[in-house]
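Could you slot chain S onto chain X? The hints should help.
Number of protein chains: 2
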Amino acid sequence: MIIMSERIGRYTVKMSNPPVVAGYGSAVGKKESEGPLAEYFDNIFTDTSMGEKTWEAAESDYLNTAVTTALERALTQSGDVDGIFSGDLLDQCIASTFGLKELGAQHIGLFGACSTMALSTALAATCVDGGAMNCAVAATGSHFCSAERQFRFPLEYGGKRTPTSQWTVTGSGALVIKNKGSGAAHINAVTFGRIVDFEITDANNMGAAMAPAACDTLSRFFNDTCASPQDYDMIITGDLGQVGSELMLTLADEKGLDLRRNHHDCGVMIYDLSDKDVAAGGSGCGCSGSVLCSYIMKKFAAGELNKVLFCATGALMSPTSSQQGLTIPGVAHCVEFIR
Amino acid sequence: MIIMSERIGRYTVKMSNPPVVAGYGSAVGKKESEGPLAEYFDNIFTDTSMGEKTWEAAESDYLNTAVTTALERALTQSGDVDGIFSGDLLDQCIASTFGLKELGAQHIGLFGACSTMALSTALAATCVDGGAMNCAVAATGSHFCSAERQFRFPLEYGGKRTPTSQWTVTGSGALVIKNKGSGAAHINAVTFGRIVDFEITDANNMGAAMAPAACDTLSRFFNDTCASPQDYDMIITGDLGQVGSELMLTLADEKGLDLRRNHHDCGVMIYDLSDKDVAAGGSGCGCSGSVLCSYIMKKFAAGELNKVLFCATGALMSPTSSQQGLTIPGVAHCVEFIR
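These protein sequence lines map, in sequence, to chains X and S. Each residue of the first sequence is one higher than the one before, counting from 99 in my numbering. Each residue of the second sequence is one higher than the one before, counting from 99 in my numbering.
Same shape as in the complex, but just chain X (with noise of 0.2 Å):
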C-alpha cells in the first residue's frame, strides 16, 4: 500500500518515505574559503566577479555552479530534474532566472529571504513524497557585493559596520532529492514558517528580526513531534548570528525549549568572528546554503552525523520596505534530516 506525507501535530509534515538526497552541491568566494569550513567546499572562486562584468551574473553563476555539482555528485542529468526549486535576494530572483535558465528544467521561484535553503528542500522534498516528482533541486545563493549595494550602501561608500550587522555570504548550495537510490541523507519532516513580527526596524540587524521567527517554528516543530532537543546531533538555524542566536535561545529558553546543548548557527560557522568585518556573523541565502550542502551533507555521507534539524531563517524586507519605515518580519522553514 502506499501511503503519502502525513501531518503530525497541527504544523509538521511526516514523509511517508523520506526521500533521499542523491547529491549536494556549493560554491563559494574568497572569504568564505578563509573561514573554519573552507575544507568542505566543492568549489571556491577566489575571484567573486566570476570575471563577469556585473555581481548580480556572478551570483548567478555561483549558484549554477552548485546546482551542477550537486547534478554531477547525484549522476543526474539536468534533462531527468522534474523541478528547480529556487530563489535568491535580488530583486524579482533575477539570480536564480539568469543562473537556471540554460539548464531547461521546470522552475518554480521562491522568495523566502534567507531561508530559501530551508524552504526549497521542504517544498521539493513534498513534492517528491507526495508522488508529483521524482527528482527535484534545492537551490539558493546570495553575494556580498550585490546584496551590500541593494539591501545596504554602494560598496564604494565603504560606509562603517555596526556590531549587529552581518556579512552577506557570497556563495550557494543545491541539492538534488529524489524519491529513491542512495545518498548522504534523507529528509524525513518539515515544518513551515509564519510570518512572525518583532517590529524590528533596523536592516543591520537581521539577526533580531529574525530570532523570533526561527523560534516560533523551531518550538511547533517540538510541539508536534514529541522530540527532545537532545535527540539531535545538531539544530542549526540559518544565519542569525551571534547576536540573533542568543536573542532565540533566550525566547526558547521562555518557552521551555533548552536548545542551547546543541545549537549552531551557520552564520556563525562559517566565518572566523575574530574577523572585524563580519561582526556579528554571516547571513544571506547562500549562508545556510552552501553550510548546509557542504559540511552538513559531508558529515552525514561520513557518518558522523545521524539526525539533524535545520532551520533557515529570511528577513522579509526590501530596499522599499526599509525606505518606507516598515518592520522587518521574519520566516523560519524547518528541515529534519536523517541517515
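Bear in mind the hints are in silico, worked out from the structure with no lab data behind them. Note that the structure is predicted; figures quoted are calculated from it, not measured. Note that the Cβ used here is the ideal one computed from N, Cα and C, for glycine as well. Mixed in with the good hints, there may be bad ones.
As the list claims (entries may be wrong) - Simulated DEER-style distance windows between Cβ atoms: (1) Ile106/X x Lys374/S: 56 to 62 Å; (2) Glu200/X x Gly423/S: 14 to 20 Å; (3) Phe296/X x Glu150/S: 19 to 25 Å; (4) Ile436/S x Arg437/X: 38 to 44 Å; (5) Asn321/S x Ile106/X: 53 to 59 Å; (6) Pro252/X x Asp300/S: 27 to 33 Å; (7) Gly423/X x Gln421/S: 23 to 29 Å; (8) Glu254/X x Glu150/S: 42 to 48 Å; (9) Ser280/S x Leu173/X: 44 to 50 Å; (10) Asp300/S x Lys151/X: 20 to 26 Å.
To be verified - Partner residues are not named here, just some residues of chain X that face chain S (Cβ under 10 Å, in silico): (11) Ser103; (12) Arg105; (13) Tyr109; (14) Gly181; (15) Gly202; (16) Phe209; (17) Cys225; (18) Gly228; (19) Gly229; (20) Ile293; (21) Val294; (22) Thr418.
Here is chain S on its own, set in the frame of chain X:
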C-alpha cells in the same frame, strides 16, 4: 488504498484525488471596475490608494482582501489554513509579506512574476493532494502604481505608452484549496513551467517575452495528456495581451497545436481595449489572479464551465536586469480545472 499524485507523460502531474476549490475571492481597482468583467469581482475599491500612505501598502490591502473573501466564502478560519502560497511583483515580494502576516498562517513565498496565480495554485494543489496539507490558499496581486514606478517610470513623469505596452492590473485573487468537501471546481492536473528566453529586451513588450513560455508549457501539457484543445471550454493564458496572444497562437500553430478556437487571455478579457491607456491589454500578477478568482470560478459555480486550462505567464525581469540590458525570459505554469 490511498493513491499518490502521479506523473503522466514527462512533465504533467495528475492529482489522485483532485483538490477542491472551496473558496475564491477577488479585489480590484477603478479601471478594472470599468471593464467587461466588473460584475464578477467581489470587491471594488475605486480609491486605489486604499487610504494608505504608499501604493505598496495599498497593494497589500488588495491582496489581504482577496484572501479574506476567499476564506469567508470557504467558511474557513485563517487558523485552519496549513499554508498560504503567495507572491507578487514588488521587490522581495513585500505585498505578500505585509498583506498576509496578520493572518498568522504558514507562509510559502513564491516568485513567478505574473505567472504566480498558476504557480501558487499548482503548488498548493500538489501539497494538498500529496497529503502535506489539508487546506491551502493560493494568492497573488499587483498594483498599477507600485509596478509602474518600480519597473518603468515614475507616475508623475507621464511617459507615453507604446502600442505593445500593457496596463498592470490593480487587483488580486485568492483560492482556498482543500482535500475534501464541495466547491466551485477541482484541480485535476498541473504542469510547471520552464524558463524560456526568446531574448526580448523591451520592457514594454511583455507579451512577446512571455508567449514562447506559454506555448512551451501548453504543448508539453497536451503532449503529456494526449488531450485535445477542443476538450476544453476555455484555454486561458495569463496576461499575454493582444500582441502576445497572437504570437503565442502563431508559435502553437507551428507546433501543430490549434488553440485558436477556444483561447482567451485574461489581459484581453479584463479591460475594454478601446481604452487607449491599456494599449495591448492588462498585465501583472493580479490580472490572471483576479480573472481566475472571479469570472472563471463564478462560471464554474454556475455550471457554465466544466473544463478549463489556465496557463498564467510571467516575465522574469527586474529593474536591475533591465538596466543591465539583459533579456526578459518568460515562464508559464498550467493548471487544469474541472467541475
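Hint-by-hint comparison with the structure:
{"no.": "1", "hint": "Ile106/X x Lys374/S: 56 to 62 Å", "in the structure": "57 Å, holds"}
{"no.": "2", "hint": "Glu200/X x Gly423/S: 14 to 20 Å", "in the structure": "18 Å, holds"}
{"no.": "3", "hint": "Phe296/X x Glu150/S: 19 to 25 Å", "in the structure": "23 Å, holds"}
{"no.": "4", "hint": "Ile436/S x Arg437/X: 38 to 44 Å", "in the structure": "42 Å, holds"}
{"no.": "5", "hint": "Asn321/S x Ile106/X: 53 to 59 Å", "in the structure": "39 Å, violated"}
{"no.": "6", "hint": "Pro252/X x Asp300/S: 27 to 33 Å", "in the structure": "28 Å, holds"}
{"no.": "7", "hint": "Gly423/X x Gln421/S: 23 to 29 Å", "in the structure": "26 Å, holds"}
{"no.": "8", "hint": "Glu254/X x Glu150/S: 42 to 48 Å", "in the structure": "35 Å, violated"}
{"no.": "9", "hint": "Ser280/S x Leu173/X: 44 to 50 Å", "in the structure": "47 Å, holds"}
{"no.": "10", "hint": "Asp300/S x Lys151/X: 20 to 26 Å", "in the structure": "21 Å, holds"}
{"no.": "11", "hint": "Ser103", "in the structure": "4 Å, holds"}
{"no.": "12", "hint": "Arg105", "in the structure": "7 Å, holds"}
{"no.": "13", "hint": "Tyr109", "in the structure": "7 Å, holds"}
{"no.": "14", "hint": "Gly181", "in the structure": "6 Å, holds"}
{"no.": "15", "hint": "Gly202", "in the structure": "6 Å, holds"}
{"no.": "16", "hint": "Phe209", "in the structure": "4 Å, holds"}
{"no.": "17", "hint": "Cys225", "in the structure": "6 Å, holds"}
{"no.": "18", "hint": "Gly228", "in the structure": "2 Å, holds"}
{"no.": "19", "hint": "Gly229", "in the structure": "3 Å, holds"}
{"no.": "20", "hint": "Ile293", "in the structure": "4 Å, holds"}
{"no.": "21", "hint": "Val294", "in the structure": "8 Å, holds"}
{"no.": "22", "hint": "Thr418", "in the structure": "6 Å, holds"}
Taken one by one, the earlier hints fail for this structure at numbers 5 and 8, listed in ascending order.
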